[in-house]
Amino acid sequence: MMLDRIVSRPAELDQSGSANSLSRRGFLQAGAAAGGGLLLSMRLPFANRDAEAADDFAPNAFVRIERNGQIVLIMPYVEMGQGTYTSIPMLIAEELEVDLQQVQLEHAPPNEKLYANPLLGVQATGNSNAIRAAWQPLRQAGATARTMLVAAAAKRWNVDPASCRAQSGEVSHATSGRRSTYGELAADAARLPVPENVALKRPENFELIGTPAKRLDTPAKVNGTAVYGIDVRPPGMKIATLAQSPVFGGRVKNVNDAAAKAVKGVRQIVRLDDAVAVVADHMGAAKKGLAALKIEWDDGPHAKLDTNAIIGELEKATLNAGAVAQNIGDVEMAMAGAATKVEATYRVPFLAHAPMEPMNCTVHVRKDGCEIWVGSQAVARVQAAAAKAADRPLDKVVVHNHLIGGGFGRRLEADGAIRAVEIAKHVDGPVKVVWTREEDIQHDMYRPVFFDRVSAGLDAKGMPVAWSNRFAGSSILARWLPPAFNNGLDPDTTEGAIDLVYAIPNLHVEYVRVEPPGIPTAFWRSVGPSHNVFVTESFMDELAAAAKQDPVAYRRALLDKSPRAQAVLEIAADKAGWGRPLPGRVGRGISVQHAFATYMAHVAEVEVSKDGAVRVRRVVCAVDCGTVVNPDTVQAQIQSAVIFGITAALHGEITLKDGRVEQTNFDTYQMLRMNEAPEIEVHIVRSSEPPGGMGEAGTSAIVPAVANAIFAATGKRLRKMPVDATALKQPG
Amino acid sequence: MPFTIKVNDNAHSVDVDGDTPLLWVLRDVLGMTGTKFGCGMALCGACTVHVDGIAVRSCITPVDSIGTSAITTIEAIGATAAGAKIQRAWLDREVPQCGYCQSGQIMSASALLASNPRPTDSDIDDAMSGNICRCGTYVRIREAIKQAAQSTGQGG
Chain F
1 MMLDRIVSRP AELDQSGSAN SLSRRGFLQA GAAAGGGLLL SMRLPFANRD
51 AEAADDFAPN AFVRIERNGQ IVLIMPYVEM GQGTYTSIPM LIAEELEVDL
101 QQVQLEHAPP NEKLYANPLL GVQATGNSNA IRAAWQPLRQ AGATARTMLV
151 AAAAKRWNVD PASCRAQSGE VSHATSGRRS TYGELAADAA RLPVPENVAL
201 KRPENFELIG TPAKRLDTPA KVNGTAVYGI DVRPPGMKIA TLAQSPVFGG
251 RVKNVNDAAA KAVKGVRQIV RLDDAVAVVA DHMGAAKKGL AALKIEWDDG
301 PHAKLDTNAI IGELEKATLN AGAVAQNIGD VEMAMAGAAT KVEATYRVPF
351 LAHAPMEPMN CTVHVRKDGC EIWVGSQAVA RVQAAAAKAA DRPLDKVVVH
401 NHLIGGGFGR RLEADGAIRA VEIAKHVDGP VKVVWTREED IQHDMYRPVF
451 FDRVSAGLDA KGMPVAWSNR FAGSSILARW LPPAFNNGLD PDTTEGAIDL
501 VYAIPNLHVE YVRVEPPGIP TAFWRSVGPS HNVFVTESFM DELAAAAKQD
551 PVAYRRALLD KSPRAQAVLE IAADKAGWGR PLPGRVGRGI SVQHAFATYM
601 AHVAEVEVSK DGAVRVRRVV CAVDCGTVVN PDTVQAQIQS AVIFGITAAL
651 HGEITLKDGR VEQTNFDTYQ MLRMNEAPEI EVHIVRSSEP PGGMGEAGTS
701 AIVPAVANAI FAATGKRLRK MPVDATALKQ PG
Chain D
1001 MPFTIKVNDN AHSVDVDGDT PLLWVLRDVL GMTGTKFGCG MALCGACTVH
1051 VDGIAVRSCI TPVDSIGTSA ITTIEAIGAT AAGAKIQRAW LDREVPQCGY
1101 CQSGQIMSAS ALLASNPRPT DSDIDDAMSG NICRCGTYVR IREAIKQAAQ
1151 STGQGG
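Protein sequences appear in the order of chains F and D. Going by my numbering, 203 is the number at position 203 of the first sequence; the sequence numbering is gapless. Going by my numbering, 1046 is the number at position 46 of the second sequence; the sequence numbering is gapless.
It is worth saying that the hints were derived from the structure and are not from the lab. Built from N, CA and C at the ideal position, the CB exists for glycine as well. Only true hints are included.
Listed below are the simulated DSS-like cross-link pairs for lysine-lysine, each with C-alpha atoms no more than 25 Å apart in a straight line: (1) F:Lys214 - D:Lys1146; (2) F:Lys261 - F:Lys294; (3) D:Lys1006 - F:Lys264.
One side of the interface only, derived from the structure: several residues of chain F facing chain D at Cβ under 7 Å: (4) Thr218; (5) Lys221; (6) Gly224; (7) Asp231; (8) Lys264; (9) Met356; (10) Gly406; (11) Arg437; (12) Ile643; (13) Met674; (14) Asn675; (15) Ala677.
Next up, chain F with everything else stripped away, as it sits in the complex (with noise of 0.2 Å):
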């Protein structure tokens, strides 16, 4: 079984090793590892700031090097699906020359000073950048580490280091025949200098990069021995579940537990402010125990909150002036000036996550500290939130992490670690507390809606001179890293919006912030980009429409200047069959985005059926995501990721009336399923520019694709989301 390469590893790490030496660019450091191996320390450098004086290292990743031979990554990433735990040892592996299954990686326990993630700037796995963050710097250590094992093959032998090879974990020298392996190396590499410059290997000369390489986990997920943080079973573990205020904001006035506490395998009732828990043997009994709980809640302040309520005063936001994001010449000029103009709002809905591994944590309050079982993408911020939860200190929290049955921005947040200490006080020994999904979906934390507000003027030819949008939304940056909100914005409610691909030369983007009352917002896959994509791109298919021009050559016309982006639309367009005829009722829309650093177009083809029903047929999707790691696992990510868009665009939407949310469950909140699921093709380009993100991007880009291929279908624009099929019926 693999599973075992993949290890959490809560104890503190043994630092011991003495640093001998530091490299020129302070990001590299190299020393003995305990038990006689060589450690190599690197700190992954952070985004647009240059490596930090030496004296300063502080390094957030590990490479060790054992005695036995045994390669030791530590990361700070985590696995839910994205493959990562396969493709960050390939970069190690590659330059390091051994094979992938040496290569061992270990879950780096919490410590937000020494794991955060580079281009976060905290520990955590999202925003599509472990690559990104680990593209250069882990190869580096890869080469670095290779080079010292080589000199200290050579000085053994007293030859030439340029004589000896480097191959599959041994170092030899042809002339002589002698060969050693890395761990019989390692303890003399570890005196070593560091050496100054260590040459990468060029893109032609990649032996595993770029290849198809088998993920380290899948067989424990094809046999059900992989273990999530729902399966942990703690040694005398209760098992609770709970209802939490239907009202954001709402508290418990009164329970009447007396049926709860008859059922069978019930133990105990807790009650806090605003939510109450059944812990009992196991899940069934404390399931039945809910429903004969007899719960009076005091509703509070949003008790009246409707989601249209929400959404009027976000339109009426995007009337007032907000924080310019991006100016580029004159838009009102350009405006007044132009032969005609567009305009159009637009908006999205709030969206919940719905993981299949309902949220879930557990945790043993002890007197002396706190422990805790969870699958989480930013396991630091868990344990600073149990341990303020529990009240114990942070050093005296151990946070055991799991894989994640799902994970799409949902599980970077601490409120069900949070909950769960809160009940866990109450509990002597390990409870774990699990939420029904109706629970899960009425209390996650959820995609904001938006509004948007576009204009655009167009010359005489039909192409865009001036590009104007206002929308309004919430920050969630504001709220989750409070330092990356800046003069009323930040570059995750931005991005996709701003920065077009398309050549227009005058450009105005201006941000609301408005925070929606009792209901809370968070991350969801593709973040910034899945509001913002499906308006720029949406309205980009208006103009070509009102210039009376194919929406793939009006594109390529303001491409000019963008040519990864030209080339991906190119691909995806001569993929899909553009332009050839189709049936009545059924389209073809094309969308281009830039976004985590990747190039992306898509061509949906849909079917509308008289009652307006939408069937996505076929996907064709052309990427350029730079060097590709690991391309089954770009191709798994933009299938998986157009399935989640598609998700959204027809299914997805939470609803609040009363202060409630109106869904429910799987009968409610609608997943795409098996024979709703479209073909899905994916074109890669071959390319040498550093890696992009792929875990998202293609569910930002999938979006507006399917609404400008309902346009050519019905000639009915959607500015809404998710698809009103109400909207598409055929007339008569």
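Keeping the supplied structure of chain F fixed, place chain D upon it in accordance with the hints.
Chain D in isolation, oriented as in the chain F frame:
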């Protein structure tokens, strides 16, 4: 009153209310966590097991309804010919992503293949549309079922 149920050829005595769903008996009482909880209402298929070879949703199957029927779970499906072929194909096609729904997908697909060795696309739609995959692995699930149907060996 304790119930005796037969899971993967082993008899287990469990002392729970008769209306307790089989899912919780498997996961929480017997500690067999390969079978997953997704919705509790037979809407997602994550909890699929076989009862006498038929795919059923264990989250709505009361333990007192099982009687002497044989329950098979993901932990033992590899011992069946169809299950072994399906698991092999799942590995070959790299189907799982987060993997959480895959126990249920494999149980549904194994039941399909055992009863219908050459399923058409429409058969696959019928058998598999009750299983949600939030990671969207449907394209590969379809390919893997077809590959398993074409394989002649005894599987992995």
